[in-house]
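Novice: The numbers in the UniProt record's numbering rise by one with no breaks, and the one at position 691 of the sequence shown is 691.
Just so you know, these hints were derived from the structure itself, not from any lab.
Where hints are given, some of them may not hold.
[Unchecked claim] With a straight-line Cα cutoff of 25 angstroms, these simulated DMTMM-like cross-link-like pairs (lysine to aspartate or glutamate) come out:
(1) 184 - 131
(2) 424 - 451
(3) 162 - 113
(4) 328 - 925
(5) 127 - 100
(6) 282 - 324
(7) 287 - 251
(8) 127 - 40
(9) 442 - 452
(10) 384 - 451
[Stated by the list, open to error] Label-pair ranges, simulated between beta-carbon atoms:
(11) 834 - 660: 18 to 26 angstroms
(12) 813 - 834: 34 to 42 angstroms
(13) 924 - 775: 19 to 27 angstroms
(14) 440 - 709: 18 to 26 angstroms
(15) 442 - 642: 49 to 57 angstroms
(16) 539 - 444: 34 to 42 angstroms
The beta-carbon is built from N, C-alpha and C at its ideal position, and this holds for glycine as well.
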Amino acid sequence: MSMENLTAEAMVTAVIIALPVAVFMINSDRAQKAIELCSECLILLNNTNQNRKDQFISLHCNIITAILFYAYRRISDNINAERYGRKLLVLCSEYGALVEEGDICMALAEIAESQNINRFSENLKAKEYIERALAIRKKIGDKRGEAYCYGNLGNVFESLMKYDKAEEYYKKALVINTEIGDRKGEADVYGNLGLVFHSIGRYNEAKECYEKALVIRTQIGDRGGEANDYGGLGNLFHLLGKYDKAKEYLEKALVIKTFIGDRKGEAVDYGNLGTLFQSLGKHDKAKEYLEKGLVISIEIGDRIGEAAHYGNLGTVFQSLGKFDKAKKYYERALVTKKEIGDRQGEADDYGNLGNLFQSLGKHDEAKEYLEKALVIRMEIGDRKGEAADYGNLGTLFHSLGIYDKAEDYYQKALVIRKEIGDRKGEATDNGNLGALFESLGKHDEAKKYLEEALVISIEIGYRAGEAAGYSNLATVHESLDKYDKAKEYLEKALVIMTEIGDQEGKAGALAELGSLYRAIGDYKASELCLERALSISRDIGDIEREFRILTDYAILYLLQNKIKDSLSCLHLCIEKYEELRYCLGANDQFKTSLLENKGMFPYKLLSNLLCRTGNVRDALCVEELSRARGLSDLMAEKYSVETHICADPQSWFGFENILKKENNCTCLYISDQERYVFLWILKASGAIHFIPISLEENFVQAGLHKDLSLSQFLADNFRSLGIFLTKDCEDRSLNMAESQPHSPERNSSARMRLVVEDGEVISCLSLCYKIFIAPVYGLLAEPEVIIVPNSTLYKVPFAALSEKEGAEYLSDTHRIRVIPSLTTLKTVQDSPEDYHSNAGALIVGNPKVDWLLPLPGARKEAEMVGRLVGVPPLVEEEATKQAVLETIGSVGLIHFAAHGDAERGEIALAPIPTSSSRNTIPPKDTYMLTMADVSRVKLRAKLVVLSCCHSGSGEVRAEGVIGIARAFLGSGARSVLVALWAIPDSATEQLMKQFYERLAEGESASESLHQAMKWMRNNGFTKVSEWASFTLIGDDVRLDFGKQRTKDPDS
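Take the sequences, apply the hints, and build the full model.
Specialist: Structure follows, in structure tokens:
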């Protein structure tokens, strides 16, 4: 029968029958069905003829509101639960139902407290509800309810990190519970007070409260509460470094939670034990327990617990040096926290990722994540987390040497710690400030802060902090040459670390003691300390520490002239480095950062020692191990070939055979060894020649300071090349703000500056010739020289090197190209014959980007190249990212004449216009071609030409130059032509024209560049800055444009 045919009496009867059924459904875990039934009842009541029935209908509507409130609470639909709860509050107030009003207030407070979005405002809302409930409980004389409200106000203030207020309300609750004999309530409050004291570093009081709670729980048989108190005590003892006690209590908690079937609590305890084993350096055990906890959390649908386990597993893998795995787990935790709306947890995970990137030297990424964490903390009012993020940002800027910024962040953190009463955090921040002032050489200031940190740690019983304080003070005294005092402090730290079972810290302290003994010449004591440190590191599987200790061993043996022992240690050291590198998986960024921050020294030292002992061939192999390894991995993956070089000397063969596949060339391999430059000459016959060059001798003869580093010399003297742009030189740099027009005065001063600095550049080029070329010139009999530079040597325009002004340039007599390493050249040689495309071209010129200055010269260049190779270019609005990516993977030639940024590795392409984007800059990923975009493409190009400002530049790292050129090589390009600096438009046009005419006629890229440079010098472009900018990196290639090409009409 339809609803229209039901009489009013039948409708009312249906509702009367339905409501008890709805209550039954809620009690039998079918709350969603109860909601549907109640919704039908409301429809019936709203359609009932309300004559004579207003009061009856109103009563049943109120009952339905109450049922819906409890149903929505049952399924955790907090939004709807709060909506119906507010309606109930109004009804209770109207009817004067004080008890019910108080109950609803507390229920609404619990809902507010459970919200993770904007936790600060939700806690304030909860506070209002509880205070309203408290007033009612007082009014009706409900002492138990009053105590319950005080306890919940304590919970709210604890969440707000207002620990003094939390303590005040908990103590009020405790007084009432004690008066009325509510033993369970008394135990609950003692447990909560324990958590508060734990949070603010009042550890003795925390222990006392946990133990009082435990006694009561045991007496009244509250097994769940008993387990919670064991867990609280276990975590407290963990923090205090009393690991045996911590393990005992956490295991007791786990046994009880398992026995009573508390699956969520069981997962928590597995997690707590996992983090404990992590502190003990038992990483396998930590991983086992955390994975057990994770399995349970997933099974019961506890997303918060699941995310916590992901984060803790990330920490374990980070400690093991498996940074790629650590990143994956941190990211999983972050995704989960975002899905459940846990803003505080989201901030925690951003912080973890920031610290991970910082440890790898990826400072930009670290700063980005730490700042994201900080923004969230401030939004939700997480003061403790805010202080932690300020501290982490301080540590980041400290590591970068930006000390004023570091101090500012550390001080901000310290102020907050003092405000919220976080004594442990206060000790940490004082320690950070002490370490900062030590870096600045302000030893007295450093000592003051470090001693304050130590005092606090001792006062609160924070043993790990106490040990760290002694260790930091040892560093200060060692800097002051007070070795006895430094030794005393390190021994105190060692005693504490031994007592608390901190194996990782113990290994670190022993290693520091070893370095201290080495500094004072007590080599025997140093070796004993290092031996113990190494043994512990191996026991706990700390590969990174083992790597550092082996380096210390090598230095120690070298100081004693035990060259053979030092060599053995260095071989072991690079084996450990290779293990660390393997742990990073396929993450190129991490591999590059690991080499930069931790790997270079032992490789350089081993190479140096091998050369000193006459083993120059093996020294060259060691150099290869530290050259462009990340790039080599990327290339090998694209070509599906294997790279065989590794730390095992048995794999060090075949390098001398690589040149046999090259035609008529010699390889010049260069290594900057601080005081020396090492030069190797490799011949196609397999012969290897080695020449060491003294930098000090050359610098002194040139009138320079003897301690000048090669990198500083090159940076200082090549800085002027291409920097000052005049009106006949397009600025193809990627400047997001429109460039200012060049005034006549500015143009004039720029030209004058270039003229003045030309002399400096010529002098620098002559000295570079003397260092790099003159000693080996007699060995460069072949017409082509393949140069393998390292780090800053990529910035040297080798083509322009000459003995003196007016003398022949190296490029007058030799073709020149650069390769990142011999391994990368071999990888290209081993690529499948049909891998690279021999025809087809993608030519991009002057993409239309409204907020950047147009590049008419770039368009003209692209059109000229297009005519020469017979392919129409993509210019202006046609040159979109989408169009480029559709073509880039299939062609043999790629040419970009556009705005670019070598440091960030970006090329600006034309955005696709939309109706909404006319007056706004669209998201970068819609128009900016990045290194990440290039790396995702499998290129088939034989040659990529990057005619953008400074396209051969980038971030100079131990790996090489990290920029867009490397990204193209790593994505499968066989060779890349790049510019080291910007050159005038007329010079660019002519050089490109000469290069492409020869390339289109079938000459190789190396020969085409060689002849183009010669033509430039012979046709009026005589300045080095006009013709020597472009460098060919990679293989020498030929392209077949067939009948597509046409002769340029301007020829």
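Novice: The structure should be examined with respect to each hint, and the outcome stated for every one.
Specialist: Here is what the structure says about each hint:
1. In summary, the hint linking residue 184 to residue 131 is supported, as the alpha carbons are separated by about 22 angstroms, within the 25 angstroms threshold.
2. Restraint check: the Cα-Cα separation between residue 424 and residue 451 comes to about 14 angstroms, which is no more than 25 angstroms; the hinted pair holds.
3. Between the alpha carbons of residue 162 and residue 113 the distance comes to roughly 15 angstroms, so the proposed pair stays at or under 25 angstroms and holds.
4. Restraint check: the Cα-Cα separation between residue 328 and residue 925 comes to about 23 angstroms, which is no more than 25 angstroms; the hinted pair holds.
5. Note on residue 127 and residue 100: the hinted pairing holds, with a Cα-Cα distance of about 18 angstroms set against a maximum of 25 angstroms.
6. At roughly 20 angstroms between alpha-carbon atoms, residue 282 and residue 324 fall within 25 angstroms of each other, so this suggested pair holds.
7. Between residue 287 and residue 251 the alpha-carbon distance is near 16 angstroms, which keeps this suggested pair within the 25 angstroms criterion.
8. The straight-line distance between the Cα atoms of residue 127 and residue 40 is roughly 35 angstroms, outside the 25 angstroms bound, and the hint therefore fails.
9. Restraint check: the Cα-Cα separation between residue 442 and residue 452 comes to about 16 angstroms, which is no more than 25 angstroms; the hinted pair holds.
10. A hinted pair counts as satisfied when its Cα atoms are at most 25 angstroms apart, and residue 384 with residue 451 qualifies at roughly 23 angstroms.
11. Our hint of 18 to 26 angstroms for residue 834 and residue 660 holds, since their Cβ atoms are close to 22 angstroms apart.
12. Taking the beta carbon of each, residue 813 and residue 834 are about 36 angstroms apart, inside 34 to 42 angstroms as hinted.
13. Between residue 924 and residue 775 the C-beta distance comes to about 47 angstroms, which lies outside the given range of 19 to 27 angstroms.
14. Between residue 440 and residue 709, the C-beta spacing of about 23 angstroms keeps the proposed range 18 to 26 angstroms intact.
15. Checked against the hint of 49 to 57 angstroms, the C-beta distance between residue 442 and residue 642 comes to roughly 53 angstroms, which is consistent with it.
16. Range check, residue 539 to residue 444: about 40 angstroms between beta-carbon atoms, so the 34 to 42 angstroms window is met.
Hint compliance for this structure: hints 8 and 13 are not met, and every other hint is.
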